[in-house]
Amino acid sequence: MYMNVIYRFMMVSDIVGAVKFWKEIEGLGPTKADSPEDLSYHLIRNPNLNFVAVAEDQLIGTVLGGFDGRRGYVYHLAVDKNYRKKDVAKKLMNLCFESFRKMNVEKCHMLVFKDNYGAHDFYKKIGCKLREDVVLFTKEFK
1148 MYMNVIYRFM MVSDIVGAVK FWKEIEGLGP TKADSPEDLS YHLIRNPNLN
1198 FVAVAEDQLI GTVLGGFDGR RGYVYHLAVD KNYRKKDVAK KLMNLCFESF
1248 RKMNVEKCHM LVFKDNYGAH DFYKKIGCKL REDVVLFTKE FK
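The sequence shown lines up with residues 1148 to 1289 when you count with my numbering.
If you are wondering where the hints come from, they were derived from the structure by calculation, not from laboratory data. All values reported here derive from a predicted model rather than from experimental measurement. For every residue, glycine included, the Cβ atom is placed at its ideal position computed from N, Cα and C. You can take every hint at face value.
With a Cα cut of at most 25 Å, we get these calculated DSS-like pairs of lysine-lysine:
(1) Lys1232 <-> Lys1170
(2) Lys1254 <-> Lys1286
(3) Lys1286 <-> Lys1170
(4) Lys1276 <-> Lys1254
(5) Lys1167 <-> Lys1233
(6) Lys1286 <-> Lys1179
(7) Lys1272 <-> Lys1254
(8) Lys1237 <-> Lys1254
(9) Lys1254 <-> Lys1238
(10) Lys1233 <-> Lys1170
(11) Lys1228 <-> Lys1272
(12) Lys1286 <-> Lys1261
(13) Lys1261 <-> Lys1238
(14) Lys1261 <-> Lys1237
(15) Lys1238 <-> Lys1271
(16) Lys1238 <-> Lys1167
DEER-style ranges, computed between Cβ atoms:
(17) Phe1288 <-> Ile1153: 35 to 43 Å
(18) Glu1203 <-> Lys1237: 15 to 23 Å
(19) Tyr1264 <-> Arg1192: 26 to 34 Å
(20) Glu1173 <-> Arg1278: 19 to 27 Å
(21) Lys1167 <-> Glu1253: 32 to 40 Å
(22) Phe1284 <-> Asp1234: 29 to 37 Å
(23) Asp1215 <-> Asn1241: 18 to 26 Å
(24) Asn1151 <-> Tyr1188: 25 to 33 Å
(25) Asn1229 <-> Thr1285: 26 to 34 Å
(26) Asp1204 <-> Lys1276: 31 to 39 Å
(27) Glu1203 <-> Val1281: 35 to 43 Å
(28) Ser1160 <-> Arg1278: 34 to 42 Å
Whole structure, please, built from the sequences with the hints as guidance.
Structure below.
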C-alpha cells in the first residue's frame, strides 16, 4: 500500500483539499493566509517549490516552499498519520531542498510551532539544526 505514492508539484486544483487536510493534522495551524486566493498566488510566485504526495487518489502529504530572493522557507510539511515513518516526509523535503539547490539558495528555514516536538525531531533527523539565537516576530496587515 505504501509503495504506490506519487510525488508531484502542487497544483491550484490541490488547494481546497490541502487546506482540509491541514486542518486534520495535529501540530499544523492553517490560518487566513491559507485561503485559496493566497495559496494560488503562492504557487504562482514559487513555482517548482511546492509538492504533494498522493496515494490511491488521496492527498497524503504536502510541503510548501517559498523563496524571498535571499532565503528559502518551508511551510506546511504534513503527512497523513497512516503514512508516517514511511519516508514520505523525507521525500517531500528532499524534493523541496533539491528545488532550492537548483535555484542556488544557500539556506532554508523551516517554520515549526514551538510545541510540535515530532516536527522538531524529524527536522533534526534530516540534518537541520534548531536555531536558538533568533526570535520570530510577526506583523499582520489584514
